[in-house]
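Chemist: Sequence:
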Amino acid sequence: MPGFFDLPRELRDQILDLTLSSPITIPLNSTRKVSNDHVYWHDLRRVFYPTWHAAHRPNALGLLLSNRQLYAETFHLLSKEPPIFVLDLAIVNESWLWLTWRFIPPNSLPLLEKVQINLIPCCTEEERVLQVDWSDQYHLGQQLHNTICSVLKRFLTVGAVGDLTDAEKRRLGREYSSAAREPQHFRNLRVKSLVFNIDTTNYGSGNDELAFNDVPARFIEGMAHLNNHPLYPVSPWAAAQCLTWLASRMDDLLAKGPLKPFNLTKVLYERVGTITFTLDGKVERVIDITDYVCSTSLPVRQSANHVRHPRFSAFRGERRVMRSALGLDSGT
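Read in order, the letters of the sequence shown correspond to residues 1 to 332 in the numbering used here.
Do not take every clue at face value.
[Unchecked claim] Each computed BS3-like pair below joins lysine-lysine, with the alpha-carbon atoms no more than 30 Å apart:
no. : residue 1 : residue 2
1   : 282       : 114
2   : 114       : 80
3   : 114       : 192
4   : 192       : 80
5   : 256       : 282
6   : 80        : 33
7   : 266       : 282
8   : 80        : 282
9   : 266       : 33
10  : 33        : 256
11  : 192       : 282
12  : 266       : 256
For the record, the hints were derived by calculation from the structure and aren't laboratory data.
All chains, full assembly: derive it from the sequences and hints.
Modeler: Right, here's the structure in full:
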């Protein structure tokens with residue numbers, strides 16, 4: 001019986017490409033647990049990720065560890081396309097963030113071409129009122145946005161990993177700009193294009209439940225009393241409102257410059273090129289962070305003779321130089 005390497009190279013490449021393009025699949029009976037980073041980083045207390053041991057394993061790792069020839073052919077295919085990270089982020093009852101990594105490249109340069117975050121706003125049976133409307137007044141409001149930014153900050157600091165060591169957790173709570181000056185202590189990742197995407201094409205009438213494959217691992221360790229099944233997607237209109245809300249929050253955050261929340265602004269100023277918001281494949285808005293960093297206008301509530309104005313100008317000037325050196329400016 002012929003083996004895999006007896007097949008023509010073109011056919012082997014097609015098989016490998018199909019394997020590499022398959023997302024990480026979480027077993028249906030998996031559970032989630034709260035991110036223990038919240039001990040050092042308060043905004044992550046409502047973030048839950050799968051406990052399955054392979055949930056943070058790169059998609060191609062098994063192929064790369066098989067044998068030399070399979071490693072070489074797999075690596076050749078990986079080198080043709082820039083590595084793209086894909087994260088499913090379910091927003092449950094406008095309160096909880098359930099992270100599920102779908103694509104994790106086995107290796108990547110410090111400057112990533114693209115990170116795509118698929119937002120899945122959904123609700124349990126008891127909270128189906130949230131299906132028809134999106135309002136950040138219901139639960140967390142600003143805290144929910146801070147948590148999303150904190151998820152991004154965590155990824156740029158330590159990568160797509162699960163549990164952290166105590167030393168890594170302490171780094172998360174430090175002033176984020178130190179990542180630019182101490183790369184030996186940080187992964188120091190940067191992203192040219194950050195995409196927030198919502199796909200409502202499979203939402204149906206509103207009475208259709210979300211499949212377990214769409215939002216897996218629904219039972220939370222230590223919270224067996226919560227019934228998170230079934231889950232229902234919000235309406236397409238509410239999904240559009242969610243995307244608009246997030247874009248507005250990001251806009252406000254960037255316009256504040258060095259005002260609070262200071263460290264979250266630094267994440268975007270220092271590590272992200274553009275932020276794109278897409279709905280059902282259509283681009284709704286693109287935020288070029290260079291426009292904010294290079295802007296000569298002052299943020300809201302800050303007058304020209306404000307005592308912090310010199311600091312504000314110095315902050316942006318320093319970030320302009322940094323972004324140019326790191327390859328994040330629009331023209332790079």
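Chemist: What hint numbers does the structure not satisfy?
Modeler: As far as the earlier hints go, 6, 10 are violated by this structure, in ascending order.
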